[in-house]
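Work from the hints to combine the two standalone chains into their complex.
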Amino acid sequence: MTYPSRAVPGLILICFTLLLPTSARADDFQEARRLFQQGSYPQALERVDAVLVKQPKDARARFLRGLIFTEQSRFPEAIRVFTALTEDYPELPEPYNNLAVIYASQGQDEKARQALEMAIRTHPTYATAHENLGDIYAKMARQAYDKALQLDASNASAKAKLALVKELFSTRASVVAPVKGTIPEPPVPSPAVVAAGPVSPVVSAPAGATPPPAKPEAPAAAAASPPPKAGEASRSKEPADPQAEVLRALDQWVKAWSSGDANAYLGAYAPGFKPPGGQNRTEWERSRRERVVKGKRIAVQALSPKVTFAGPEEAVVTFRQSYQSDTLKTIGSKRLVMVRSAGRWLIQREELGR
Amino acid sequence: MRGVSLLAVFAVVGALNLDTLAMGPKLSPGSLAGKAGERRPEGAEGAIVGVFRLIAEDRVAAAHAELDRLLAVNPNFRLAQLVKGDLLLARAQPIHALGNAAGVPEERLNDLREEARARLLRQRGETPKDRLPRYLLKMAPQQRHAIVVDTSRSSLYVFENRDGVPHYVTDYYVTIGKNGTDKAREGDKKTPLGVYNVTGSLPVAKLGDFYGSGAFPISYPNEWDRRAGRNGHGIWLHGTPRDTYSRPPRASDGCVVLTNEDLEALSRRLQLGATPVIISGGVDWVAESDLSRVRSSLEETVEAWRRDWESRDTGRYLRHYAAGFSSGTMNLAQWAEQKRAVNAGKTWVKVKVGEVSMFLYPGAEPLAVVTFLQDYQSNNLGNVMRKRQYWMRDGDAWKIAYEGAV
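Those protein sequence lines, which keep their order, are chains P and F. Quick note, the first sequence lines up with residues 1 to 354 if you use our numbering. Quick note, the second sequence lines up with residues 1 to 406 if you use our numbering.
Treat the hints loosely; a few may be bogus.
What the hints assert, rightly or not - In silico contact screen, one side only, chain P against chain F (beta carbon under 7 Å); selected entries: (1) Y41; (2) L45; (3) F75; (4) G134; (5) A138; (6) M140; (7) A141; (8) K147; (9) K296; (10) A299.
To be verified - Some chain F residues well away from chain P (every beta-carbon gap over 10 Å; in silico): (11) R69; (12) D86; (13) L88; (14) D130; (15) A140; (16) G180; (17) D225; (18) R268; (19) A287; (20) R316; (21) G328; (22) V353; (23) L381.
Hints were generated in silico from the structure; no laboratory data involved. The C-beta atom is built at its ideal place from N, Cα and C for all residues, glycine as well.
Isolated chain F, as found in the complex (with noise of 0.2 Å):
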């Protein structure tokens, strides 16, 4: 006996990919060879990836050495525990798959081999450098960072705001709800998808152990899941128990859950009220040129609603206003109506929008959620409030489906 055999070994990498065909475009050994060690060298991802990568080179000692080192840092990644076992195995006997411990549910070694998929398949990502997901279209000055979570990759992605432009930071692993996403009803243990906020921060002290290192809710359900009958609530960004460095892809009953350390480093960046968490069941990536095409239009679009709010004329300002229209206590006829009575008491207007965010909104259907600071000034009323509107993509024009206050 010489070290491992190989065909034992391949097993291990081997059963994942061919379990990632389906998924997504072939990962062969070499592949993962060249890209994953390439994109995230370090941490506790990278390391794994790292051994993933020495197995597939044949490199055993070397994958021992590294899972020893990586263990010695996590012991609770239970993930790198199992391929510590299979590589031990491996030595006393063929083995065929990732996760050969015999008499144990399997259901919970299929959610240790998903993480190992996950993790994988994140590695194997577009790299978001020279392209943006297509929802970041404008980010507040206050705004430092933005969040984008795909699910569908079991990532969260971090974004820093410079002069309005988004730009990749870094990305965490992260589970999400059990029962997936598209959350609809309380306890339906799922995630929703859309464009939220981080709302607050709860103590520490306050939470159990299995929120661990923190725990920051988010804004569900916004205006648009309220709007769409959607419901449930206490949908958090959290950290992981102390018996777990991770959790598997699936496993919340709805929150986005991070490790510790990476709850950790991502806090820093969190400010509450204002920090974006955009929620896609997967993410488009294009260029910055493609989102300055949709801001520009997005754009030009509210400075003609500010400005024919402006004019008084409440015929040119209604038509920015999609016939199915709801401010949650108006509909547009009532709106209309209410609007005309305004206006006819007014000489004169003013209003100065600033601190615009505009992100579109996950889904099929051209949405747009766009925030700002509204200084309205008039000969007998003036003041100032952040505004939320919903534009919906109406032919070639953006009409607002819903206007209220934040």
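Next up, chain P with everything else stripped away, as it sits in the complex (with noise of 0.2 Å):
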């Protein structure tokens, strides 16, 4: 029995501008971070090293070199960094978040539980958090059955993986593009702050080995026409607006969602969907099924959608998507690439949690 591995969100490369009063420390520190991203991390730690000699409480620096740790596997470092931040820093959720990741990695799951408590209780609404929490808990459970059942015990010391947040305030409204001169709100952590205005094109930057997500041309067609409710998507009498067969097609994947009809739902993604985190799609469709059931009390909506397209065959739609089960609710943004393909709108790259 191996565990089903969390999907690691894409890295999130939208630039802060926050907590950069000089530009000189906000090229090191974008240096850093651009070398973290290639995966040069002796260089990118240098580099976080200079920032931090400058000014040794910046906390975007910090958690950048605690991040960097946790991928050298310097644990107690990593350890060390985001137990620091959470001193200093206890209303911030991302690293008691990332402290409980390294933990389960370690196997420490009761640590990693206390951790991800933390992060939640200061983030009530925290997505990967609260996943991360479920895994946790998911994976005690697991030890206890198998104790109980006396299954293989080597089943029991399975890590559980959860998912690293790779950027300080991950929980605000990070999908808010940097639009020059923009200053974003002040990063005061309240729950569940999701942007109000209009929302614009994301513009991804590649993250790693993944490939770039396609690439709006024109910003100004986002929110051409005024974005209906979530559910009156199907009930849009034009089948020859793009537009609304984009949302037709939104609104069946909440509603397969919603309702736990895992085929449709898993009908919704494009054959090249690629899952998040480097997933095959194998096991990608596997955690899913075992998520998306019938009997399930899940309430899935897709609030304020808005769409732009990159091409007649390929649209971005963002919206606000609100989750609800049992035991989970959240509120987070939710941005999904989707292709038209032989006559239907399908998911092709779906990103999270940001």
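Below is the structure:
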């Protein structure tokens, strides 16, 4: 029995102009981040250390330093960095989450659980921490079942793979693109802050080995028509309207998910869909089938969807996803890249929790 | 997500409630809360039932803590591990029943569900405070304890002999045969029903780990079993292998299996060759006054039999014997002939009967097992022996269906 591994969200590459009072330091930090993304960890560390010499309290630099240590499997150092962050910024959930990821990777489930509970205490709607916590509980449950049923104990030692958060303030309205001159809201963590204004199409840079997502050509095309409310999409009377078609596809996907119709749900994904986190398709489908099941009380809603076209056969849909089950309630931003294939709009790429 | 969803948690206890409906009166979480806790507050079973109660009351954190305490002491208590798994999983996803482990044979989950059900059922039982199993008519003075097993409740009850009157002491969860009860044949994996006694103790050193902390063979097949053509052997009270705290309610090859701690506690009360073990498919609990009525009628009859024997009037003596009598070697005609021949040579006979025990035999037919020390003296012969008689109710009268030395 292998533990279903969690989809690791793609690297989040939106620039935060936050906490960057001087452009020199900003440059150093950006460079460190770029090096980190390239996998040049020693060089990235050097840069980050340079930033920290000047600004030892810089939360983002310290966070990045923790990420570098994590990627280098220098876990004791990573734990020290993230722990110090939780002490200095107890209101930030991300360091707790990443501490949990490291603890879980070392089989210290109870510590991982405690860290995730802390993340959620500060941010009750933090989806990543919730999902990670769910995985930790499921894993601890599995261990108890193994003992109950005397199953092979080697299963019990499998490590839970949790999602590492690669950006500080990832709980914030992080889909807001870095528009020049725009100063993002201050990083006062508050539950479930979601971008209030119109959401611009997201421009993502390549993340590691992941192919770049479709790049919308004309941001102005976003929200060209008033966005219909969730649930209204399928009632559109204009079948020829590609935007209505996309929204209808979105609506069907949401309904399939909510009703636990795994076949319809999985049928909404394009053949070329790349599961997040480099999971293979079969693995991903299996893990989705475990979660999308009939009889489970799930309510998924796509709120305020906005459609942007990257071409006649490709669209980007962004919306606020509300997910509610017996045990979990989250609201977060979601972005779907959809492609038209044989007259149907199918999901090519899915990004969540940003 | 705040704690565990109520619905999910009720699934654990709720599943048990629904299933136990078929087996008895409705068990609501409330009644579980009220009754279970009071009766058996201590012990591993008290703890696991306490956990169910806490879950029913939606005190999930307390249930967790209680489970952890229980598992610290009994890490091999599989049912507790299963419940722990459910409580944890309920925080990750909705759960619908007791035991949500995916990808394991349903049979193994069912074993643990059965154990949960059996242990809950036990806790709902009548408190045997002012009532007694109808079998325990009279304990012999040397019998310090009597054991009654109710297979329908997965329970073994211990009674203490206080001046011949049994008093409830404690009870334990037991596992019985895979194929149930009413053993008839060698290898049928059933537990016998009847009146037996502990015959010996097998040294732990000679036993495999499978039998846990000890084994006490009982006297199956007894005289009545052999008369009915029942066979097989090796029915024991024994313990549990080290890798598990307890076993499912029906899992043995016919033995009565206890947890090791329970067997150890029980073994201190067992007297080899003396302690009665009565195994029933469903115990009737009656008031002591009902017991004493039956006891008196049987005592009077046995006394009449003794006097009639002393009278050397063979006809009076033989009226106590049933038409279907057998001594194992003689039928009624042969027995009568022998008694007439013996009595012809007697000028006097003195019979003393002591250390009498009387137990009703489990089952529909009214049958009593009377065992006593018989001191027989006559003009030409005397002996002392332990004797057993099976008295069968024939209309208003008790008649002897079997008689023989023990």
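Find the nearest Cβ of chain P to the Cβ of F:L88 and say whether that gap is larger than 10 Å. violated (4 Å)
Does P:K296 hold up as a contact with chain F if the rule is Cβ-Cβ below 7 Å? holds (6 Å)
So, P:K147 near chain F? Judge it on the closest CB pair being under 7 Å. holds (4 Å)
Evaluate the condition: distance from the CB of F:L381 to the nearest CB of chain P exceeds 10 Å. holds (63 Å)
Mind verifying the non-interface call on F:R69? Its CB should be farther than 10 Å from each CB in chain P. holds (15 Å)
Mind verifying the non-interface call on F:D225? Its CB should be farther than 10 Å from each CB in chain P. Label holds. Min Cβ-Cβ 36 Å, cutoff 10 Å.
Tell me if P:A138 is really an interface residue toward chain F, meaning its C-beta lies closer than 7 Å to one of theirs. Status holds, d = 4 Å.
Return the status of the interface hint for P:A299: holds when the least beta-carbon distance to chain F is below 7 Å, violated otherwise. violated (13 Å)
If we take the beta carbon of F:V353, is the closest beta carbon in chain P still more than 10 Å away? holds (54 Å)
Answer holds if the nearest beta-carbon of chain F is closer than 7 Å to that of P:Y41; otherwise answer violated. Violated. Min distance 33 Å.
Restraint outcome when P:G134 is required to lie within 7 Å of chain F by C-beta distance: holds (4 Å)
Interface hint for P:F75, Cβ within 7 Å of any Cβ on chain F: P:F75 check fails; min Cβ-Cβ to chain F is 25 Å, beyond 7 Å.
Checked against the numbered hints above, the structure breaks hints 1, 2, 3, 10, 12, 13 and satisfies the rest.
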